[in-house]
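Q: Spelled out, the chains give:
2 protein chains.
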Amino acid sequence: MNCKPIGIIHTPYKKYAPYQPVESEKEDFYVDVDPVYYEGLAELSRFRYIYLLFFMDQVKKPLSMQVEPPWADGKIVGLFASRSPVRPNPVGLSIVQLLKVEGNRLYTTGLDALDGTPLLDIKPYIKELDSKPDANYGWLDDMDDKEHLLLHIRGIPHDD
Amino acid sequence: MNCKPIGIIHTPYKKYAPYQPVESEKEDFYVDVDPVYYEGLAELSRFRYIYLLFFMDQVKKPLSMQVEPPWADGKIVGLFASRSPVRPNPVGLSIVQLLKVEGNRLYTTGLDALDGTPLLDIKPYIKELDSKPDANYGWLDDMDDKEHLLLHIRGIPHDD
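Quick note, the sequences are listed as chains B and H, same order.
Under our numbering, the first residue of the first sequence carries the number 1, and numbering increases by one thereafter.
Under our numbering, the first residue of the second sequence carries the number 1, and numbering increases by one thereafter.
Some clues are possibly wrong.
Copies of the same chain look alike in the list, so a pair counts if it fits in one copy or across any two.
Pairs of lysine to any residue residues, derived as SDA-like cross-links and limited to a Cα-Cα distance of at most 20 Å, are as follows [said to hold, decoys possible]:
| # | residue 1 | residue 2 |
| --- | --- | --- |
| 1 | K4 | V59 |
| 2 | K132 | Y51 |
| 3 | K75 | L93 |
| 4 | K60 | N104 |
| 5 | K60 | E43 |
| 6 | K127 | G103 |
| 7 | K4 | L53 |
| 8 | K75 | S45 |
In case anyone wonders, no lab produced these hints; they're calculated from the structure.
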C-alpha cells in the first residue's frame, strides 16, 4: 500500500509541532498542491472547512501502544485513544479553515504538522456529515482540569 | 511512503459501497484490529465517535481531477471538493459511532467501505476539536434540492 505526496504543507514548525493547531492570523500556514492536481481544486474554495491528510514521516520517536498524552497529568491511554503522531501508519489528520486559494496554493488556519510535510489528500468537511454535536470527550472527562487540558489540546495560549 | 494494514474492516458491501454510510441497527459493521495492536485500544471505548482511516484498494475506477458527484444533477466539481473514493492516495475517512468493543473487535455504526478493506488508523473524535458547528456545505448550497441531496449523501433511505 503505497502513498505519494500530492503537495507539501508549509508551517512555522521546523522541529516540533504543537499537538493540535494554534490559530494564527498570519499567512504562516499554506499548502502547495502539485500543479498536476490543479483541476482537482475546483469548487474547493466554497467550503469553510477542509480536511488535510498528511504523512508524518519526520516524526522519529519509537512506536508504543501505550502513550502518556501531554498535560494529561500522567494518565496512560492506548495509542488509538490518543492523537499522538507516532502511529503504525503515520497519517495525520487536521481540520482547518480554508482562508484563501491562490492558484495551487491553499492558505489555511493553524495546522499541527512540521514544515515540509507531504500532503496525501484534501477532503471537504461537510457540516451534515462531519460535525457531530453529540460527540463526547472520551477519557478527557476523567481529568480534574478538563477545561484547562482542552486549552492545551486546542493550542490556545494562556497563563499556566 | 508505505502503509500497512493494522486490521480489517467488515461491512455488508461486497462489490460497491454507498458513498456515505447507512446507519444500521444490526452488527453488520465491525473492525478486527490486528492483535499486536490490542493494547493500543485501551480507553478507546470511552469515545462516542471515532475516525477510521482505511485504504480503498478495491476501487478500480480511473482517476480524474473532475468528478460528477452522484445525485448532484450533473454538476462537475474538482476531485478534492468531493468525497469520491477514486483519489491519488485512496485513503478513506469515516466518522462512526463506536457501539461496542469486544477484545480486538470494534462494532460501529454504518461505514462506507467494502468488506475486507484494510484499516490504516483509528483516532478518537474529540468534540472540542472535530465538531465544527459553523462548517458549511460548500458547492452543495447551489443545489436546488439540497435537502434531498443530503439524504443521499447521508445514505438515508427515502422515496425518490
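Q: So, for every hint listed, does it hold in this structure?
A: A quick look at each hint next to the structure:
Taking the shortest Cα distances, K4 and V59 sit within 20 Å of each other both inside one copy (17 Å) and across copies (17 Å). Within a single copy, K132 and Y51 get their C-alpha atoms as close as 15 Å, and across copies as close as 12 Å, so both meet the 20 Å cut-off. Taking the shortest Cα distances, K75 and L93 never come within 20 Å of each other, neither inside one copy (23 Å) nor across copies (28 Å). When the C-alpha separation of K60 and N104 is checked against a cutoff of 20 Å, the pair qualifies neither within a copy, at 30 Å, nor between copies, at 27 Å.
Taking the shortest alpha-carbon separations for K60 and E43, neither the intra-copy value of 37 Å nor the inter-copy value of 25 Å comes in at or below 20 Å. For a Cα distance limit of 20 Å, the shortest separation of K127 from G103 qualifies neither inside one copy, at 25 Å, nor across copies, at 33 Å. In this assembly of identical chains, K4 and L53 lie within 20 Å of each other by CA distance both inside one copy and across copies; the values are 12 Å within and 16 Å between. Proximity of K75 and S45 under a CA criterion of 20 Å is satisfied inter-copy only: 16 Å between copies versus 40 Å inside one chain copy.
Hint compliance for this structure: hints 3, 4, 5, 6 are broken, all remaining hints hold.
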